[in-house]
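Chemist: Chains as they are written, first to last, in this note's numbering: chain A, 1 to 347; chain B, 1 to 347.
Don't read these hints as lab results, they were simulated from the structure.
All of these numbers come straight from a predicted model, not from anything done at the bench.
Wrong hints could be hidden among the right ones.
Each pair may be met inside one copy or between any two copies, as identical chains are not told apart.
Below are the DSS-like pairs computed for lysine-lysine, each with C-alpha atoms no more than 25 Å apart in a straight line [to be verified]:
1) Lys-17 to Lys-112
2) Lys-79 to Lys-304
3) Lys-66 to Lys-326
4) Lys-306 to Lys-79
5) Lys-304 to Lys-262
6) Lys-240 to Lys-306
7) Lys-252 to Lys-306
8) Lys-57 to Lys-306
9) Lys-94 to Lys-113
10) Lys-255 to Lys-140
11) Lys-64 to Lys-16
12) Lys-79 to Lys-119
Number of protein chains: 2
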Amino acid sequence: MSIYSQRIKELQRLLKKEKLDAVVINRPIEAGFLTGFYLDGCVLLISKTNAWAFVPKMLFEHFKYKVPFVEAVASNDIKAGVIAEIKKYKFKIKKTVFQPETETYVSGMFWKKHGLIEKAGLTACLRLTKKGAELKAIRKACHVAAKAFLVIKSRIKAGRTEISVARELEDIMQAMGATGPSFDLIVAFGANSALPHHETSMRVLKKNEAVLIDYGCIYDFYRSDMTRTFFYGKADTEFKKVYSIVETSQKKAVKALKSGIKAAFIDKTARDLIMDEGYGQYFVHGTGHGVGLEIHEAPTVNSKSKDILKEGMILTVEPGIYLNGKFGVRIEDTLLVKKNGCEILTK
Amino acid sequence: MSIYSQRIKELQRLLKKEKLDAVVINRPIEAGFLTGFYLDGCVLLISKTNAWAFVPKMLFEHFKYKVPFVEAVASNDIKAGVIAEIKKYKFKIKKTVFQPETETYVSGMFWKKHGLIEKAGLTACLRLTKKGAELKAIRKACHVAAKAFLVIKSRIKAGRTEISVARELEDIMQAMGATGPSFDLIVAFGANSALPHHETSMRVLKKNEAVLIDYGCIYDFYRSDMTRTFFYGKADTEFKKVYSIVETSQKKAVKALKSGIKAAFIDKTARDLIMDEGYGQYFVHGTGHGVGLEIHEAPTVNSKSKDILKEGMILTVEPGIYLNGKFGVRIEDTLLVKKNGCEILTK
Numbered sequence: 001m002s003i004y005s006q007r008i009k010e011l012q013r014l015l016k017k018e019k020l021d022a023v024v025i026n027r028p029i030e031a032g033f034l035t036g037f038y039l040d041g042c043v044l045l046i047s048k049t050n051a052w053a054f055v056p057k058m059l060f061e062h063f064k065y066k067v068p069f070v071e072a073v074a075s076n077d078i079k080a081g082v083i084a085e086i087k088k089y090k091f092k093i094k095k096t097v098f099q100p101e102t103e104t105y106v107s108g109m110f111w112k113k114h115g116l117i118e119k120a121g122l123t124a125c126l127r128l129t130k131k132g133a134e135l136k137a138i139r140k141a142c143h144v145a146a147k148a149f150l151v152i153k154s155r156i157k158a159g160r161t162e163i164s165v166a167r168e169l170e171d172i173m174q175a176m177g178a179t180g181p182s183f184d185l186i187v188a189f190g191a192n193s194a195l196p197h198h199e200t201s202m203r204v205l206k207k208n209e210a211v212l213i214d215y216g217c218i219y220d221f222y223r224s225d226m227t228r229t230f231f232y233g234k235a236d237t238e239f240k241k242v243y244s245i246v247e248t249s250q251k252k253a254v255k256a257l258k259s260g261i262k263a264a265f266i267d268k269t270a271r272d273l274i275m276d277e278g279y280g281q282y283f284v285h286g287t288g289h290g291v292g293l294e295i296h297e298a299p300t301v302n303s304k305s306k307d308i309l310k311e312g313m314i315l316t317v318e319p320g321i322y323l324n325g326k327f328g329v330r331i332e333d334t335l336l337v338k339k340n341g342c343e344i345l346t347k
Numbered sequence: 001m002s003i004y005s006q007r008i009k010e011l012q013r014l015l016k017k018e019k020l021d022a023v024v025i026n027r028p029i030e031a032g033f034l035t036g037f038y039l040d041g042c043v044l045l046i047s048k049t050n051a052w053a054f055v056p057k058m059l060f061e062h063f064k065y066k067v068p069f070v071e072a073v074a075s076n077d078i079k080a081g082v083i084a085e086i087k088k089y090k091f092k093i094k095k096t097v098f099q100p101e102t103e104t105y106v107s108g109m110f111w112k113k114h115g116l117i118e119k120a121g122l123t124a125c126l127r128l129t130k131k132g133a134e135l136k137a138i139r140k141a142c143h144v145a146a147k148a149f150l151v152i153k154s155r156i157k158a159g160r161t162e163i164s165v166a167r168e169l170e171d172i173m174q175a176m177g178a179t180g181p182s183f184d185l186i187v188a189f190g191a192n193s194a195l196p197h198h199e200t201s202m203r204v205l206k207k208n209e210a211v212l213i214d215y216g217c218i219y220d221f222y223r224s225d226m227t228r229t230f231f232y233g234k235a236d237t238e239f240k241k242v243y244s245i246v247e248t249s250q251k252k253a254v255k256a257l258k259s260g261i262k263a264a265f266i267d268k269t270a271r272d273l274i275m276d277e278g279y280g281q282y283f284v285h286g287t288g289h290g291v292g293l294e295i296h297e298a299p300t301v302n303s304k305s306k307d308i309l310k311e312g313m314i315l316t317v318e319p320g321i322y323l324n325g326k327f328g329v330r331i332e333d334t335l336l337v338k339k340n341g342c343e344i345l346t347k
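With the rest of the complex left out, here is chain A (with noise of 0.2 Å):
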């Protein structure tokens, strides 16, 4: 049985546990987790014993072969082809479901129209924790990602655009067996690197800069995340200080992972040490997230979160300090939840 077939099989079982009829999936990436079938256009009904897809015209036979396991109904229009197979099969309306947090307001609005109920976190439930074939996706993804690092790092130059590094740290990760950059990667020179979400731009580096690069790939649809920061050139004391309370703070909140333990609580331990140090005001966002077939997804790893910490969740510890006009430092792993610590993958 494929990895998709036992996917739907456990979705299934957890319809039975909730008592349900049926779930609606219509979002790519939830049916891509059930099927392998990536693409956008697709809606998928899963019952406690059967599991439809209608797929629009243009996408039929190619979804036939490559998801051979699940019935495939060509439709010129989707939504109203998955209403009337629910009416067809008798499942009661009152336990078929939608998943709130994976449609847009029209669709969830459309299946609302027509009886269905919300019903949250099913897909998301199974896609929490990582095993087998997504966990070795995910550590090839975070393994190409560390490699590529140490050949990209040597190739920064004075002269070089924060753009063309971007560009060939990409080339050596495809060249590593990554099948694209897992979200637009991120190269900050200079002042530039104060700015967390800097848009990797045609900035020239000079002598003497601070160099940020937030980074990863996708092996399998599985995707890597991961921040490094160096200075070129001969770094100031400032630099140097901001560096190693940052480094710290990382690897205090890494040591501190383990399964059971509170989200709220890494980002505790790794905030409470900056503050401590004088800069918690220019640690301007969350310790972390997780990384699976997106590259934020559950949990969350903030001051705010609820979720606790469970073995085989994989997510990042990347704790920064931004000082506007000058530099900023992130450093950032991707990381394995153990039952009694973690495993950095990101090395």
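With chain A's structure known, arrange chain B on it following the hints.
Modeler: Only chain B this time, still in chain A's reference frame:
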């Protein structure tokens, strides 16, 4: 006055015309259209006379630097901040709106819960036809893509993978000034070309196979979209025949394009010709779509479209015939609708 200030003013004129007090803008592409700041996480509140941006702390300095003409508020709870501001300024809540087509289900329900009402199409109306800087950017994106094809075509040889061709095409476009590809480029060899949304793979090109390349690039946030199909080696009679039908269909539809025409008529023009030749069942998608900040946007060019073409619209015309297991042919250009005709931008 910047183009962004002008766009905000145009939106404010629309609010007055529609007798509305204010609108929330909660989608990066719409917020970017109005401010030039496209990063995720900001919400704009535009009233008849003012404009506020609610920005996550981590993006605050970045936003202030790039968008000095909008009053920025750093917030850790963006949507709650917007609601508080609406109350503070005593906008009539029943005259404060959100755009249903731009919201997720969760955020749309949030606005609704707080009394805001639905009003579709405000920013869509401003984005529908292109002028000035927008048109200039699209022209450049189209020109770069068209020029790049001439370079890549001569480099496509037996033994190359689809992925290597896609990657090199991206490089060529970037070297010509593009900031990136406008979507996941489709490079399809042989029978893969019969899948309209083939996922570019490690498939190697052999002598005497069809090559289909659906691609485009981004310039200053605006996109181009075009497809070229050719035969590598000596084309057989069937390929030549199908290619000729698609080419004639595309040319006829392009010739019919002008302001005032129904989009559905363009679809009918392209489709009738293919149907008359006996290949109707193999033309499995609509004839085209608008292009701009998004690769698919208004207008829609298919048999069900209610859109009327207007001067300044940018759209694709892309008929195709897909013979499953054999090959597919699609020819696509991006075009500017004019008063008495159209201009092909991808040449």
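Chemist: Against this structure, judge whether each hint is valid.
Modeler: Now for the hints, and whether the structure bears them out:
1. Lys-17 to Lys-112: within (23 Å within a copy, 32 Å between copies)
2. Lys-79 to Lys-304: For Lys-79 and Lys-304, only the inter-copy Cα distance (16 Å) is at most 25 Å; the intra-copy one is 37 Å.
3. Lys-66 to Lys-326: between (51 Å within a copy, 17 Å between copies)
4. Lys-306 to Lys-79: The answer is between: 19 Å across copies meets 25 Å, while 34 Å in one copy does not.
5. Lys-304 to Lys-262: within (11 Å within a copy, 52 Å between copies)
6. Lys-240 to Lys-306: So Lys-240 and Lys-306 fail the 25 Å test inside a copy (34 Å) and across (62 Å) alike.
7. Lys-252 to Lys-306: within (21 Å within a copy, 60 Å between copies)
8. Lys-57 to Lys-306: between (43 Å within a copy, 21 Å between copies)
9. Lys-94 to Lys-113: both (12 Å within a copy, 22 Å between copies)
10. Lys-255 to Lys-140: within (23 Å within a copy, 51 Å between copies)
11. Lys-64 to Lys-16: The answer is neither: 27 Å in one copy and 51 Å across copies each exceed 25 Å.
12. Lys-79 to Lys-119: both (18 Å within a copy, 23 Å between copies)
Hint compliance for this structure: hints 6 and 11 are broken, all remaining hints hold.
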